[in-house]
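Use the sequences and the hints to build the structure in full.
If you read the protein sequences in the order shown, they are chains A and B.
Quick note on numbering: the numbering used here labels position 67 of the first sequence as 67, and the sequence is numbered without any gaps.
Here the numbering used here runs 1000 ahead of the position in the second sequence, where the first position is 1.
These aren't lab readings, by the way, just hints derived from the structure by calculation.
Virtual Cβ for every residue (Gly too), placed ideally from N, Cα, C.
Certain hints may be false.
[As the list claims (entries may be wrong)] Straight-line Cα separation of at most 35 Å, DSBU-like style, residue types lysine-lysine; simulated pairs:
id, chain 1, residue 1, chain 2, residue 2
1, B, LYS1013, A, LYS69
2, B, LYS1052, A, LYS26
3, A, LYS56, B, LYS1052
4, B, LYS1052, B, LYS1013
[Stated by the list, open to error] Label pairs and their calculated CB-CB ranges:
id, chain 1, residue 1, chain 2, residue 2, range
5, A, ALA78, B, SER1079, 46 to 54 Å
6, B, GLU1017, A, LYS69, 45 to 53 Å
7, A, LEU61, B, SER1079, 24 to 32 Å
8, B, GLU1103, A, THR77, 17 to 25 Å
9, A, ARG50, B, GLN1067, 42 to 50 Å
10, B, THR1115, A, GLU53, 41 to 49 Å
11, A, THR67, B, GLN1041, 38 to 46 Å
12, A, THR27, B, GLU1103, 39 to 47 Å
13, A, GLN14, B, ASP1062, 43 to 51 Å
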Amino acid sequence: SQQGEEDPQALSIQEGENATMNCSYKTSINNLQWYRQNSGRGLVHLILIRSNEREKHSGRLRVTLDTSKKSSSLLITASRAADTASYFCASSDYGQNFVFGPGTRLSVLP
Amino acid sequence: AAGVIQSPRHLIKEKRETATLKCYPIPRHDTVYWYQQGPGQDPQFLISFYEKMQSDKGSIPDRFSAQQFSDYHSELNMSSLELGDSALYFCASSYGTPRRSYEQYFGPGTRLTVT
Chain A
1 SQQGEEDPQA LSIQEGENAT MNCSYKTSIN NLQWYRQNSG RGLVHLILIR SNEREKHSGR
61 LRVTLDTSKK SSSLLITASR AADTASYFCA SSDYGQNFVF GPGTRLSVLP
Chain B
1001 AAGVIQSPRH LIKEKRETAT LKCYPIPRHD TVYWYQQGPG QDPQFLISFY EKMQSDKGSI
1061 PDRFSAQQFS DYHSELNMSS LELGDSALYF CASSYGTPRR SYEQYFGPGT RLTVT
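Below, the structure is given as structure tokens:
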């Protein structure tokens, strides 16, 4: 079965810096989505990238997908303290359910 | 905009008791998914429903059952609760036929604590 894995597992940066989180998966996917989760709270959908797309932007977020390497990256530019959260990638094959990776805990220090 | 509603938000039960979690999808969404997230863990898919029929099944224990009703809300029934069932239970909803790539929108979760 496919499995999303993020790295790094924890990342601390200063406000204003860029944060890059990577995700790998193991089988063919239909799409991959990135979610944000504040501690103990719900998952907030950030961005969806389909298997035939290579890059997608949304505000300060940039997601890339490399299907040959079975990997994706989430870049947050000009980070803010409010970006502190855990970030998960979730991959979906041609079924419906997601497989989540372990998440990257991002800390943005003021 | 309306979001996914889950109730209750917090629930405390004792071992061997039963619990029922409810999920109300975004209006016009016809697919509901349930996920379990243990402390410090990533969310794990449990089960999903499309148009009131079970669509996909993940790591849902036999002690759990779920269904989707005619108004598209869903309930997750958990029996013979164990300490290891303590987790955050998320419901998500989406619109569209199975095997299409649609975004899933998550509810705030129900935090279940089994003592």
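Comparing the hints with the structure gives:
1. LYS1013(B) with LYS69(A): Not satisfied, since the Cα-Cα distance of roughly 45 Å exceeds 35 Å.
2. LYS1052(B) with LYS26(A): Within the cut-off at roughly 31 Å; holds.
3. LYS56(A) with LYS1052(B): holds, 34 Å
4. LYS1052(B) with LYS1013(B): holds, 28 Å
5. ALA78(A) with SER1079(B): 46 to 54 Å: Given range 46 to 54 Å: holds, Cβ gap about 49 Å.
6. GLU1017(B) with LYS69(A): 45 to 53 Å: Given a distance of about 47 Å, which is inside 45 to 53 Å, the answer is holds.
7. LEU61(A) with SER1079(B): 24 to 32 Å: violated, 41 Å
8. GLU1103(B) with THR77(A): 17 to 25 Å: Since GLU1103(B) and THR77(A) have Cβ atoms about 23 Å apart, the given range 17 to 25 Å holds.
9. ARG50(A) with GLN1067(B): 42 to 50 Å: violated, 31 Å
10. THR1115(B) with GLU53(A): 41 to 49 Å: Given range 41 to 49 Å: holds, Cβ gap about 46 Å.
11. THR67(A) with GLN1041(B): 38 to 46 Å: violated, 27 Å
12. THR27(A) with GLU1103(B): 39 to 47 Å: violated, 21 Å
13. GLN14(A) with ASP1062(B): 43 to 51 Å: holds, 49 Å
Going down the numbered hints, you'll see the structure goes against 1, 7, 9, 11, 12, while the others check out.
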